[in-house]
Each structure stands twice: as C-alpha cells, then as structure tokens.
Amino acid sequence: MTTIRRLVRWEMLLAILVVALIAVGATVSPVFLSANNFSNLSAALTEVAIMALPMALVIIAGEIDLSVEAMLGLSCAVLGFLWAEGVPLWIGIPTVLIIGALGGALNGLLVTRFMLPSLVVTLGTLALFRGLALVVLGPRGVSRFPEWFTTFGFRNVPGTPIPWPFVIFAILAIVLGFILHRTWAGRHIYAVGRNVEAARYSGVRVDRLKLSLFTLSGVVAALAGVIFTARFASARADAGEGMTLTVVTIVLLGGVNIFGGRGTIPGVVLAFFTLAVLGNVLRLTRVSTEMQSIATGALLILSVVVPMVAQQLKLAIERVRRDRHPPSVGHIAGAEAAGGEEAI
Amino acid sequence: MSRHLGWAATFVGAAMLVASVPVVAQDASMEPAAACTPSDPPLSVIFIPKQVNNPYFDAAATGAQTAADELCGEFSQVGPQNANAAEQVPFITDATTQAPSAIAIAADGPDEVVPSLTAAMEQGVKVVGYDSSPAAGAYDVFVNQVDFSGVGVLLADWACELAPDCTGEIAVLSAAETAPNQNAWIALMTDTLANDAKYANLDLVTTVYGNDDPQDSATQAQGLLQTYPDLKVIVAPTTVGILAAAQVVKQQGSDVKVTGLGFPNDMREYVKDGISPVFGLWSVPDLGYLTYYIASLLVDGTITGAEGETFTVPNLGDYTIGPDSVVTLGPAFRFDASNIDEFNF
Amino acid sequence: MTETVAATSSEGRLGRMVTTVARQREASLVAVMLILGVFVAVQAPQFLSVSNLVPVTVLASIIAIVAVGEALVIITRNVDLSVEAIMGLVAFSVAEILSRKALDAPAAMAFGVGLGLVLGMFNGFLVSALRVPAIVATLGTLSLFRGFDYLIAGGKQVTLTELPPGYTDPARWTIVGVPLFVLIAVAVVVVTSLVLRQTTFGRQVYAVGSNPDAAAILGIRRGVVVFTVFSVCGLLSGLAGVMWGIEFGTINAGAATGVTLQVVAAVVVGGVNIFGGSGTVVGAALGALFLTLVSNALILLRLSQFWLEAIYGLVILLAVAADSFVLRRLRRTFTGRRSR
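Protein chains in written order, with our numbering: chain A, 1 to 344; chain B, 345 to 689; chain C, 690 to 1029.
Note that these hints are calculated values from the structure, not bench results.
Note that the structure is predicted; figures quoted are calculated from it, not measured.
Please note: incorrect hints may appear among the correct ones.
[Claimed, not checked] A partial selection of chain A residues facing chain B, derived with a Cβ cut-off under 10 Å:
id : residue
1  : S34
2  : N40
3  : V142
4  : R283
Cβ coordinates follow ideal geometry from the N, Cα and C atoms, glycine included.
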C-alpha cells in the first residue's frame, strides 16, 4: 500500500470523527451550531494549534521539540516586560520573534552540531526557557495593552465568526502544508525522517534542514506567545504551562508517526478540529475537564493502537489465507510486521 | 479489511461518547427545586469559581443553591481544575454561548478575564463578581466578601496578638500571585503595619505564594520555617494556605504561630493545640447566597449596579452599592478557643 | 542504531569502560553535592539542622524511588511520562479510602502500591503487547490516569483531618537519626541495583536497551523484559505516591504535578543514557538527591525561586552533553566507527 493511500485513510477516519462529534454536539446542545460557538471552539486551542504545525515537521524529520510551551512563555514574558518598560509593541513583537528564532536555533545546534538527542535537549531547554521567563518577569502580570492588540487577540474578523488568531493559523497551515507536500524541502523532510543516512548520502543537507526546522519551531512558538498575550490581555511568565503535551497529542493524533517519516498537515488540522470540537462539546454539556483529559488520553492511545491492531489482524488473516492457499511465488513481505526501530 | 475495522472502531468510539455524555451531564448540573413557579424566561446563573476542587467555593455554592431554590432559578457551577486565568477563560466564553441570565465569577486574574467578560456583558448577560474581583468595568456588581481594610487591620492585629509582645518577624503565605483579593488584603495589612505605631516592632520579612495548592503551600511553608529561623508568625489569608502552614508547623514541632483566614472545621485541632489560637473568616455560604440574589436583582432590573443604589436581601439585610459597584457582605468573624466549637463549616 | 553485535573483547572492554564512567559519574555527583553542601552550610548554617535536612531528604527519597523506576524504563530504551499521574492517582485514592474508613492504614497503603503496579502493567501492556511507542503510550496514560484522578476526586480534596490520626507521622520517624523514608529509598536502590547487576534479568534489561536486535538474536524476550520494567516503574511510583500522601497529608487531584520533569531530569543527571543500555539506578537516585538539594539551597540562600527552573534546564543540558561526549569518544575509540 502506498504512503498516500495510507495517509488518506487516516485523514478520512479523522474527518468522520469530527463529523460524528459535531453531530453529537448539535444534538446535546442547542447553542452548538451558533456562530458564537464556532468562534469559541477554536479559541482555547489556538496557540496549541499554531505550534502543532511546525512540530509536525520536526517530528516527521525524526526529532521532537518539547520546549515550545516554554518559548511561548518566554516570549510572553519578554513582551510584557518590554511593554511595562515603555517599549512600543512594534519593537517588542519583532524582538520576541527574534528571541524565538535564537532559542530554536539553540535547540537545533545542540541536536545537529553536538549530536545530542532532541528529547533530552528540548527537555532541558523546556526548563531553561521557562526559568528565563520567570527571571525576566517574576510572578507579576503585565496588562493594559493597547486596544487594537487585545481586539486582535480576542475578537473576530468583522462580520464573521472567525477569530483573528484563527486566520493566522489558517495562513500558517497553508504555507507549511505547501512546503511539506509540494516542495523539494518537504520531500527532504520526509526522507530525513525515514532514513537519515540514506538522505545524507543522497546529498540532503540534513543538519541545515534540522536546524531550520528547530528555528522555525522557536519562531512560531514565540508568535504563539504574542497571540496568547493578546488574547488574555495580559503577559505572565507561566503562560503556556502544560501546552507541550497537547501539541504533541494533536500532532500524533493527526497521523504523524513518532518515529518520523510519515504524516500530513491536513491530518494535523483535522486532529486540531477533533480536539477542539471534543473539548467544546464536553464543556457545553458541563461534563468536567477530567472527562476531557480522559478522552484526550484515550484518543491518543487509540490513534496508535487501532491501526496497529488492525494491521496485526490483517497480517494474521493473510497468514491464514497463505496457509490455506500457498502462493507460488515468494513471501508476502512480512517486513511490516517486524515493526520499526525500537527508538523512543 | 483493516480499513473497515478502523472505521468500525471509530464509530464505536463515537457511539460510546454519545452514550456517555447524557449520563455524565446529569451528574454535573444541579436540578432546580420543584414546588415553585419559575419565571419566564427562567433565571439561570452560572457560577465560575477560581477553581473547582476548592472547598471554599463549594461552601459558597451551597449558599447559592439555597438562593436558587428560594428564587426558583437554576444554578450550576463550572470552572478550571487549577486557579489559573488562562484555564478559566474558556469556561467564561462557553458559559456566554449558553446565554444564561447571569454569570457569577471569582476571577483568577483581574485583567485576563476582561475581554471575555466584556463580550458577555455586550451580549446582555449580567456579570457579578464575587470573592475575587475582575478589573473595574468588567462586571455589573462585585460582591466583596469582607471589607478589605477591615481584613487588613484584623490580619495585622492577629499577628500582633500571636507574636510575643507584638514583636518579631512575620511572613505571609498567600494564594496565587495574581489573586486580586489576597493582594488587596496583604497590601492593606502592610499599610496598617507601616502606619500604626502599635505594630512598629513587627517585621514582615517576605510574602510567598502557594497557589491555593496544598502541596505548594506546604512546601512554601516549610521553606519559610527553614529560611527564617526567627520567624514568629505565619499569616495565611487563604483557607488552603493556613491549613497547610498549620500542618507543617505541627509536623516540624515548631514554635511558630499560624493565623489568617481558615475554615473552623479545618483549624479546630490547631486552635486547641495552640498552633493557631486565633484566625478568622466569614460565612462563605452567605457569600454565595448574596451573590445569587444580586444576580437576580440585576436580571429583573431592580438594580443596575450604580453607586448609591440600595436593596434588601432576605436573611441578610440591607445593602448599599459603593464606588466601583462594590457591595460588601459584612465584617469578618474571629475564631478562637472560646467559640471554635460553635461553628460547623 | 545499526551496530552489529561484535562479541569481541573490544565490546567487553567497552562495557567495562562504560561501567567505570558510570562509577565516575556517581562519584562526581557525590563530590558536587558535598561541595554544594559545604558552600550552603557556610552561608546558611540552618542547612545542616535536623529540621532542614529531614524534610529535604524525605522529599528527595520520594523522588529517588520514582527515579529508580524511571531509570529501569529508560535503560530499556523506553520512557515513562505517566509517573506523576500514577503517583497522584495513588495518593488520592489512598487518601479517599482512608477518609471513608473503607480500609485501615496498612491495607490502604498496600492497595496504593498494588494500584501503582496495575497502572504500570497497563503501560507495559501498551508498549510490549500492543507495540505502542513508549512516548506515545505514556503521554496518553499521563492524560488518562490524571483524568481518572480528577474524576474520582470530583473537585474535592482530602484534608489532613479526614485521615486517621497520626497518619502523617511516619514522614518524620527516624531510625538511628536517619529518616525512615530515606531508609526505604536506600533499600529500593540496593535491591534494584543488585537485581540489575547480579541477575540474568538485569543483564537482559541492559541488553534490550543497548542493542535490541542482538538481544532478540540471543533469544531475550524483549516483550517480557519491557513489560516487567514498566510494571516495576508503576509499582515504585505507587509506593512513592503512598509516601507522598504520608508526607503532605492534604491531597487533591493535582497531587504530584510536575514530578515527571523532576524525575527525568534526575535520571539524566544521574548518568542514565537516554538512548538506553547504560546507567545505574544509584546514579538516578543520586541525581534526585542532587536536584532536591539544589532546590533547597536556592531557598536557603534566599535566591529567587525563579532561577530554579533555569538551573534545572542548564543542569540537564550539561549532563547530557557531557555524557554524549564521553560515550561517543569511547565508542569511537573501541569500535573505530563514527556513531550518530
């Protein structure tokens, strides 16, 4: 089965799940289909969704970036600090984006130049960036941002139920989707994820690619921090705590393989909608956050277990069929059954 | 084959989700009492406390439910697991979507909730703050549970009473650093300590934050005991913090005294042990009761939240709305060995 | 990781060199802690007081016990992110059982440890039988277990007054001046260390982590080994959860949040290689002690709490960089090939 067909199948599952959840939502709550609700739907997960897009690319390339929530926090803290010191936002925002790039580049360098495993490196920078955020801003919050800023963060595009931050998400999704699925850079990302040595031998600048991906992840996390500040009209050093888990969940739920080499942007977008609708339905029906937590955890596990169990069953059935009608030529490749590398 | 299996699994999963929702939803909401005629449209108030796993807000909820039963309205409570403004806002926006008559909110952070509360008010939902105030302008009325300056003076008084000869080092163990109510009380306590000669020998060495989390508060209290060996009193203006501090003091066998705001049932043993001979609070259920009533008065137009308006609430009395649309419940109670056994909450 | 099995003396020497490095890591951790201790004691003498050292070492013991379990998992080239949720769920369940007087204290504690074991076995099942990658599985169970925790808590907390009187006293018991919890942690470390070094199973754990293909060829049942280490990790997390409850008394559903980062940091600092196959549980336990001491030092030196996280991060990065550097050098020397 070709990769395209396998991916399309996963996205179909997600799409059906989203539709099913929407149906559930419309049934249990009269306000579910209102424009107001659509606006709220995506709002709570906006920053998470935005960070999930570059994260997908990083994971497809065979690495991971756990530090995104802390970079969001650092960017939020620095923006607040600068604002409180009287620095206007048109200087503050580019500054934090640059900080995001530098932080991402640090991750990238440690992984490529120093050849350290990204899981631990980004665990370290997760703590480091968060610590720096706390040092910069301390426990206080900064507020009284200009109205245009907070309107951008919280309100919709006039005349529509679409929040402004969602527009940013959409643009980013289109751009990164284009890069991943339609350019040579995207093909290189997949190649590196599947077999890094082979990619290297075919001339792919692996280190450069990974460095760029980590830098991108850092910049986007910083951007998410700006949006977070705008949405809450307040800057705090603990912004984004706990988000990394949700980001990785969205990416994995979207069909991206944790070992790299597989996954699509449409899948990630659909996964975002799945979680957003699920969370919304649960909140509207006053089902508690704990059910949401359970549902998210279960979804994540199922998203991996179901295809695997399905595959085992398929292979078992093929084996039975083979025993009954031995083929005349060769083996059906049982290579898939052996599983991938046993990396983390 | 596996394709069908995958779809089947998804449908089963979705079906299970559908089946579970009505069952769980019933547990989460509370039914209005029978034997009274609800108004048309029915009065529905959604309470959004700082966090849901907090006995303080559960106590307020009992008062609100009583009021709801008397008024034949609906009451429900939703909120975040952690006292965190970012987690609280989605509950505000989702509550607004359900178009209740009013929302009652104890803000985790005064500014973070402004955009969502303003949006709610624009849609005609009345907003009543309680316990912990959103920034002025983002609510119709704020129900202050106790006179701020009164509490500030009381906290200073109790610290003075517990420190030998009103002399020595004291420290504050608060809730979240953004909590507007605690910050207001602490600020007024600090003022009192600085401006009144009576407290000249008390030295407030530091303020630490326990985030209304029992473990964090305990760790902070332990840190205080270790870092300041001459500490005489810990002042904890939060029911979670005072209990944690008293526990730690008892565990360590320390001489430090603990005071602040706490529940009588939690602190009874420490009053008797002499660890926390005096502390205070107010009737938390009354806070919820008053808040619900004020919401109903706003909804039926009896009051608009303007300064100077007066109204009466059964069982509690007459109130006047003060500046910034604030209503104060009443003075705090003092608990000590002489009366600790009379209370049960 | 496609190194072929080289059953030559150079691999054997490599193994012994790695052991020496591990010993050196433990020794250097101890040295760093002593230096840190002296420094802090000079600045803040109350550091050495009983009232300070007892709570600090008690907390370090709890983290160390979880770190031992996590080290086992990481050595097999997996990871368990759900440990904090197991701890929290166990801590709350035990507290709830005690508050309802459904069981007496010893039975409730045994239940807690058993619950941890069951949860660990669930993780093990996902990873070994269903072949879910460990990071995904434990990310999922982190949410799942914590969700169940909040569900049964129903927004309440169990306060100290609802527990049997004297329940939290064991956190302060000492035997010959050493806190009970420290002795428990030491016992756990010693037993686990012996199993790892002296038994066949222990060697299998290392084999599965350092070269899974070779291990499979040698007939080691990877699934069984992985299932076992996850179960043990769950059991130890359950034990730590029970101890957490005894230490803190009041428990709500958010108990033990943030412990996963501390534990993984402790394991990494303690010299356990994230790629599996090397490291010791002694190192992990020392890592836990080290990080707890750093936290305590910050408080006593009256430094801003806010530096703590940044320091955790730097420490992790330095530890990993040092490890990676040393191991790569060793590998290059002994196998003559550039490893990734």
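Outcome of the hint check:
Proximity of A:S34 to chain B holds as hinted, the smallest CB-CB distance being about 7 Å (cut-off 10 Å). Of the supplied interface hints, the one on A:N40 holds, with its beta-carbon coming within about 4 Å of a beta-carbon of chain B, less than 10 Å. Annotation: A:V142 was flagged as interfacial toward chain B, and the flag holds, the nearest CB pair being 9 Å apart, inside 10 Å. Below 10 Å, beta-carbon pairs count as interface contacts, and A:R283 has one with chain B at about 4 Å; its hint therefore holds.
This entry satisfies every hint, going by the numbered hints stated previously.
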